[in-house]
Amino acid sequence: MLLLLLGIIVLHVAVLVLLFVATIVSQWIVGNGHATDLWQNCSTSSSGNVHHCFSSSANEWLQSVQATMILSVIFSVLSLFLFFCQLFTLTKGGRFYITGIFQILAGLCVMSAAAIYTVRHPEWHLNSDYSYGFAYILAWVAFPLALLSGVVYVILRKRE
Amino acid sequence: MAPGAPSSSPSPILAVLLFSSLVLSPAQAIVVYTDREVHGAVGSRVTLHCSFWSSEWVSDDISFTWRYQPEGGRDAISIFHYAKGQPYIDEVGTFKERIQWVGDPRWKDGSIVIHNLDYSDNGTFTCDVKNPPDIVGKTSQVTLYVFEKVPTRYGVVLGAVIGGVLGVVLLALLLFYLVRYCWLRRQAALQRRLSAMEKGKLHKTGKDTKRGRQTPVLYAMLDHTRSAKTASEKKAKGLGESRKDKK
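Here the protein sequences come in this chain order: A and B. Quick note on our numbering: the first sequence kicks off at 52 and runs consecutively. Quick note on our numbering: the second sequence kicks off at 68 and runs consecutively.
Calculated from the structure, these hints are not laboratory results. Hints should not be assumed to be uniformly reliable.
Derived CB-CB ranges, DEER-like [stated by the list, open to error]:
1. Y212/B with V202/A: 19 to 27 Å
2. T142/A with R220/B: 45 to 53 Å
3. S96/A with Q136/B: 33 to 41 Å
4. R220/B with K143/A: 50 to 58 Å
5. Y186/B with P173/A: 25 to 33 Å
6. V235/B with L54/A: 50 to 58 Å
7. S182/A with G190/B: 42 to 50 Å
Over 10 Å on every C-beta distance to chain B, these chain A residues come out as not near it, computed from the model [said to hold, decoys possible]:
8. L53
9. Q114
10. I121
11. F132
12. F134
13. I149
14. C160
15. N178
None of these values were measured; they are calculated from a predicted model. Note that CB positions come from ideal geometry on N, CA and C, so glycine has one too.
Sequences and hints are given; from them, build the entire structure.
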């Protein structure tokens, strides 16, 4: 029983860490010597460690991606907090509905952020020589994990 | 304060007043305030605000002058002048019939409105105010940017999405809890009424036929709630027993 609880908490914290890293690190698209989005557009010169960082574009679609990533982090943190609340206050046999719903919402937010970004990034990123960075991949990985975590919460029943 | 020396008290105040007038009078100047940047869309109108602070009262000889320096140009041309209560608008230059005076000297406002913007209006506008005898002062400049479509400030969409989604989620939660609370209260009231009716039925031995017609529905519900209660009790007991067995 304790093992199950520990496993669930580890999964939730892993999703939270993935969401934080994907939101904060500005490496959704990398190219030859430059890494952009969500917040900064940094380029390093080929010779050394000279960084030039500018703010990312003020495009409305980029703003919505930023907003939904922030929302997913908020929902995941709220879900963790509510999980601990419900652990001590829920009646025997009850289900962690609120926790699960918030975690599922977080997963949906990440998915919409990543989808919007994938479709709309050519609007402000005109460089044709690029590849997706690790923060972008983490965002996509966080989506099924968050969904799984939320579903587990909804199915789980409180025992003691 | 000694009562026998009344002449000594006014002199420090006088000294302070003299000192302040000597120190503060060179700072007598006129200060003009405008926006730093103004954005406008092509074809629309834009208001260039100009306000000022003067150490003198607003006189009748107050004058406002607006000058325009085109983007990349070197000369500034005068496009508007207001003096002795009469505005004089440019009637021959590029701003012909496009400037409107909306200021009021009594409210220290020297604003003008430019109608029907065009890309050639990009540049720097200077507001100059002279309020005799207060004529020494700094002018202030405002840069006009003309866009095809005025861009929204950064953060509007961000804030709107976050605020909107959080608001909707909060509202949904509140609604859900409200509905659940009302439903639970109704359930409790119904159960109380049913238990009261049951007690009443035991005392009265089947006299009233009207009540008899009504009771089947309520008894059906009572049976349902009773069976549900026993089922949940069995379930809870079962889980508890299984836990005991495990331990």
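Right, here's what the structure says about each hint:
1. Y212/B with V202/A: 19 to 27 Å: Given a distance of about 51 Å, which is not inside 19 to 27 Å, the answer is violated.
2. T142/A with R220/B: 45 to 53 Å: holds (49 Å)
3. S96/A with Q136/B: 33 to 41 Å: holds (38 Å)
4. R220/B with K143/A: 50 to 58 Å: At 53 Å between Cβs, range holds.
5. Y186/B with P173/A: 25 to 33 Å: This hint holds: roughly 28 Å between Cβ atoms.
6. V235/B with L54/A: 50 to 58 Å: About 37 Å separates the Cβ atoms of V235/B and L54/A, which means 50 to 58 Å is violated.
7. S182/A with G190/B: 42 to 50 Å: Taking Cβ atoms as reference, S182/A and G190/B lie about 44 Å apart, which means the hint holds.
8. L53: holds (13 Å)
9. Q114: Incorrect as stated: the minimum Cβ-Cβ distance to chain B is 4 Å, not above 10 Å.
10. I121: violated (6 Å)
11. F132: holds (14 Å)
12. F134: holds (16 Å)
13. I149: violated (8 Å)
14. C160: For C160/A, whose nearest Cβ neighbour in chain B is about 8 Å away, the distance does not exceed 10 Å, so it is violated.
15. N178: Its Cβ never comes within 10 Å of chain B, the nearest being 22 Å, so this holds.
Consistency with the previously given hints fails for numbers 1, 6, 9, 10, 13, 14, ordered from lowest to highest.
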